[in-house]
Amino acid sequence: MSISKATIDSMIKDLPFPSNVLKVLKDDVIEVGVSKKEMEEIIEKIMEEYEVSCIEPCDAAGVIAAQSIGEPGTQMTMRTFHYAGVAEINVTLGLPRLIEIVDARKIPSTPMMTIALSKEYPNDYAYDREKTRALAWEIEATKIDHIADVTTDLSQMKLIIDLHEKAMESRNITIEQVKEKFNEELNVMVTISSAIDNQIIIAPEEPSYRELLQLAKSIHNVTLKGIEGIKRVVVRKEGEEYTLYTEGSALNNVFQFEGVDKTRTSTNNINEIYEVLGVEAARNAIIKEATDTLREQGLTVDIRHIMLVADLMTCDGEVKQIGRHGISGEKASVFARAAFEVTVNHLLDAGMRGDVDKLEGVTENIIVGQPIRMGTGDVHLISRRKEEAEMKLQVEDE
Amino acid sequence: MTKFSLLNHESVPKHEIMTEGELKSVLTNYFVEKEQLPKIKLHDPVCKEIGAAIGDVIKITRKSQTAGEAEYYRFVIE
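Going down the list, the sequences are from chains G and Y.
Numbered according to my numbering, the first sequence spans residues 1 to 398.
Numbered according to my numbering, the second sequence spans residues 1001 to 1078.
Among the hints, erroneous ones may be present.
The following residues of chain G were derived to be distant from chain Y, with all beta-carbon distances above 10 Å [as the list claims (entries may be wrong)]: (1) Pro18; (2) Ser19; (3) Asn20; (4) Val21; (5) Asn123; (6) Arg129; (7) Lys262; (8) Ile273; (9) Leu277; (10) Val279.
With a straight-line cut-off of 25 Å between C-alpha atoms, the simulated SDA-like cross-links for lysine to any residue are [to be verified]: (11) Lys1014(Y) x Glu318(G); (12) Lys1039(Y) x Gly62(G); (13) Lys1059(Y) x Asn271(G); (14) Lys119(G) x Asp103(G); (15) Lys37(G) x Tyr50(G); (16) Lys119(G) x Lys23(G); (17) Lys119(G) x Ser1005(Y); (18) Lys1063(Y) x Lys37(G).
Restraint ranges, calculated between C-beta atoms of paired labels, are given here [unchecked claim]: (19) Gln199(G) x Leu1042(Y): 22 to 32 Å; (20) Glu56(G) x Val1032(Y): 16 to 26 Å; (21) Asp349(G) x Thr1061(Y): 39 to 49 Å; (22) Lys166(G) x Thr1061(Y): 45 to 55 Å; (23) Asp9(G) x His1043(Y): 13 to 23 Å.
If you're looking for bench data, these hints aren't it; they were derived computationally from the structure.
Glycine residues also receive a C-beta, built at the ideal position from the N, C-alpha and C atoms.
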């Protein structure tokens, strides 16, 4: 006769297992139907298996993680540029990307955002192509090259900008706005031509060739509309829902737009996630980016190893690189640092400061030729001589 | 702009400031001082959101692929 749900619940309630294990156990037991005796046996068996699969105290988890990520790393392609899905956006993948992640670069070589759109009601942004398109134009940085031809008139000492009406219309920008923007940014004479439609004339403050050529260069850098740094926005439909992909990343700015679903919008710039969403989100991002990079290369690395790396990188409340300016360079031990890089400098500095190495880590103990404090090396047995032990007993008796 | 809580973002796990009692049981369970826990900076956006102060310990309930749900603790530092 099988036992009831309530009995199962009360039986597994106090077990020291993670919730995943408990859930599978409960579901399976309910599906099959077991007696109380069988249930007890199952729990006992799981307990045994669970203890076997747990990592042992003093095990070198870090070394195992390093090797488990390092070995597949040797099989990764050195130089790959790939397109994210079909959305013709170039992203760095393969080994360069993995290095970028563990180096905690401030800006990745190909920043990219995935902007989810709100889908609260039937014709909200996520379901409406027109709205999505308009939002994409709002976000994408518009430069003068996108909407006009610029010619330099050397004889008249001025720049002539011929705006394309169609391009302006699709980007929802007017000639007055363009003029305003140039006025703000460049500190020059900007006039809308009265003779020809859609023409703006810009003249430098002083009529000199140098000024004019300088100006011809700098007007290309003015962002007329949109977010600085977002070079391109691509609209894609996934299932029922439209999503925006951007080349370039500016999470905080994108959050200001209406129609953006802030809870699902993300970027591949880990440092930006740290600044906008905090250290825990950054940790999740490291795990996600690293597993995705490895998976894309057809390599499977157990997520626990990557989780360990991510935890180590974020354990001081900020994202630290695994390297000279982070984990390896900030070790407490002089020997460990010296073994990593610029040996002589580290030893010399330590000597001048009078640093003390307590020989607590692995590297420094190997250097001095002692057993490391891992595995059986971390267990210290102290034996008392016979007389001492007897004396102790006597004292206790009294 | 509609106000949104950072904690609603899908990649931000649940953060809570721990009470003294909870903290004590965790610390005795792991045999550590709270200074030995992983850290979180005071200027971390989530810290500001939940109003944590230096010296607090924040309990983070992570969604974990391996364990289902995992608890993590961070000590608030400057």
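The hints, checked one at a time:
1. Pro18: violated (3 Å)
2. Ser19: Given a closest Cβ separation of 4 Å, the condition is violated.
3. Asn20: About 4 Å separates Asn20(G) from the closest Cβ of chain Y, which leaves it inside 10 Å; violated.
4. Val21: violated (8 Å)
5. Asn123: holds (18 Å)
6. Arg129: Its Cβ never comes within 10 Å of chain Y, the nearest being 23 Å, so this holds.
7. Lys262: At roughly 5 Å from the nearest Cβ of chain Y, Lys262(G) sits no farther out than 10 Å, so the non-interface label is violated.
8. Ile273: Answer for Ile273(G): violated, closest chain Y Cβ roughly 7 Å.
9. Leu277: violated (5 Å)
10. Val279: violated (5 Å)
11. Lys1014(Y) x Glu318(G): holds (18 Å)
12. Lys1039(Y) x Gly62(G): holds (20 Å)
13. Lys1059(Y) x Asn271(G): holds (23 Å)
14. Lys119(G) x Asp103(G): violated (37 Å)
15. Lys37(G) x Tyr50(G): Holds, because 20 Å separates the two Cα atoms, which is no more than 25 Å.
16. Lys119(G) x Lys23(G): violated (32 Å)
17. Lys119(G) x Ser1005(Y): holds (18 Å)
18. Lys1063(Y) x Lys37(G): Measuring from Cα to Cα gives roughly 33 Å; hence the hint is violated.
19. Gln199(G) x Leu1042(Y): 22 to 32 Å: For Gln199(G) and Leu1042(Y) the Cβ distance comes to about 54 Å; the hint is violated.
20. Glu56(G) x Val1032(Y): 16 to 26 Å: This hint holds: roughly 20 Å between Cβ atoms.
21. Asp349(G) x Thr1061(Y): 39 to 49 Å: holds (43 Å)
22. Lys166(G) x Thr1061(Y): 45 to 55 Å: Given a distance of about 53 Å, which is inside 45 to 55 Å, the answer is holds.
23. Asp9(G) x His1043(Y): 13 to 23 Å: violated (43 Å)
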